[in-house]
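Visitor: Put together the whole structure using the sequences plus the hints.
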Amino acid sequence: MAYVIADTFIVQFETSKKIHEALKLFKEWNPNTTPNYWMIDCSQTKTSAIKATFPESLIALGDFHREQAWERWCNSKENKADKAVLPLLRRIAHAKTGQGFVAALEQL
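Using this note's numbering, read the sequence shown as starting at 4 and increasing by one per residue.
Hints were generated in silico from the structure; no laboratory data involved.
Keep in mind that the hints are not guaranteed to be accurate.
25 Å max Cα-Cα, derived DSS-like pairs, lysine-lysine [said to hold, decoys possible]:
| hint | residue 1 | residue 2 |
| --- | --- | --- |
| 1 | 86 | 99 |
| 2 | 30 | 54 |
| 3 | 27 | 80 |
| 4 | 49 | 27 |
| 5 | 54 | 20 |
| 6 | 20 | 30 |
| 7 | 49 | 20 |
| 8 | 49 | 21 |
| 9 | 99 | 80 |
| 10 | 49 | 30 |
If you anchor each label on the Cβ, the simulated ranges turn out as follows [what the hints assert, rightly or not]:
| hint | residue 1 | residue 2 | range |
| --- | --- | --- | --- |
| 11 | 87 | 36 | 23 to 31 Å |
| 12 | 60 | 18 | 16 to 24 Å |
| 13 | 72 | 102 | 42 to 50 Å |
| 14 | 36 | 106 | 23 to 31 Å |
Quick caveat: nothing in here was measured; it's all calculated off a predicted structure.
A virtual CB, placed ideally from N, CA and C, is assigned to each residue, including glycine.
Guide: Below, the structure is given as structure tokens:
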């Protein structure tokens with residue numbers, strides 16, 4: 004699988020409305036293009052805008068941001084997560100097969 008940057012835009016304010024406006028322009032300029040996948044950081048604002056513009060697209064969280072979110076969650080004192088949780092989560096994310104995924108999930 005290859006990833007291709009299909010568009011880049013800058014908005015003055017990172018709101019769902021402004022992102023949606025930019026995505027609508029992309030859609031208007033490229034009427035025959037419907038991205039199958041989006042890889043974004045952990046942002047409900049972006050997720051909402053993408054779903055509103057391209058409801059059939061799948062949204063994935065990039066590895067860096069997934070790892071960052073997990074580390075923050077595991078290291079948060081209020082979650083009281085055991086130090087063993089993060090390596091178990093990583094095994095799930097790095098599983099190469101469906102069987103490996105299930106095995107890692109069962110260990111968690």
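Visitor: Each of the hints needs a verdict: does it hold here or not?
Guide: Hint check results:
Annotation: proposed proximity of residue 86 to residue 99 holds, straight-line Cα distance about 24 Å (limit 25 Å). Between residue 30 and residue 54 the alpha-carbon distance is near 13 Å, which keeps this suggested pair within the 25 Å criterion. Of the supplied pair hints, the one linking residue 27 and residue 80 is violated, its CA atoms being roughly 41 Å apart against a limit of 25 Å. Of the supplied pair hints, the one linking residue 49 and residue 27 holds, its CA atoms being roughly 13 Å apart against a limit of 25 Å.
The straight-line distance between the Cα atoms of residue 54 and residue 20 is roughly 12 Å, inside the 25 Å bound, and the hint therefore holds. With a C-alpha separation of about 15 Å, the suggested pair residue 20 and residue 30 falls inside the 25 Å cut-off, and the hint holds. Of the pairs offered as hints, the one joining residue 49 and residue 20 holds, with about 10 Å between alpha carbons and a cut-off of 25 Å not exceeded. Between residue 49 and residue 21, the direct Cα distance comes to roughly 10 Å. Compliance with the 25 Å bound is thereby established for this hinted pair.
This hinted pair does not check out: residue 99 and residue 80 have alpha carbons roughly 32 Å apart, beyond 25 Å. Note on residue 49 and residue 30: the hinted pairing holds, with a Cα-Cα distance of about 16 Å set against a maximum of 25 Å. For residue 87 and residue 36, the hinted distance range of 23 to 31 Å is not satisfied, since their beta carbons lie about 44 Å from each other. The hinted range of 16 to 24 Å is satisfied by residue 60 and residue 18, whose Cβ atoms lie roughly 20 Å apart.
Look at residue 72 against residue 102: about 26 Å separates their beta carbons, and that is not inside 42 to 50 Å. The beta-carbon spacing between residue 36 and residue 106, approximately 39 Å, falls outside the hinted interval of 23 to 31 Å.
Violation of the numbered hints given earlier is confined to hints 3, 9, 11, 13, 14; the remaining hints are satisfied by the structure.
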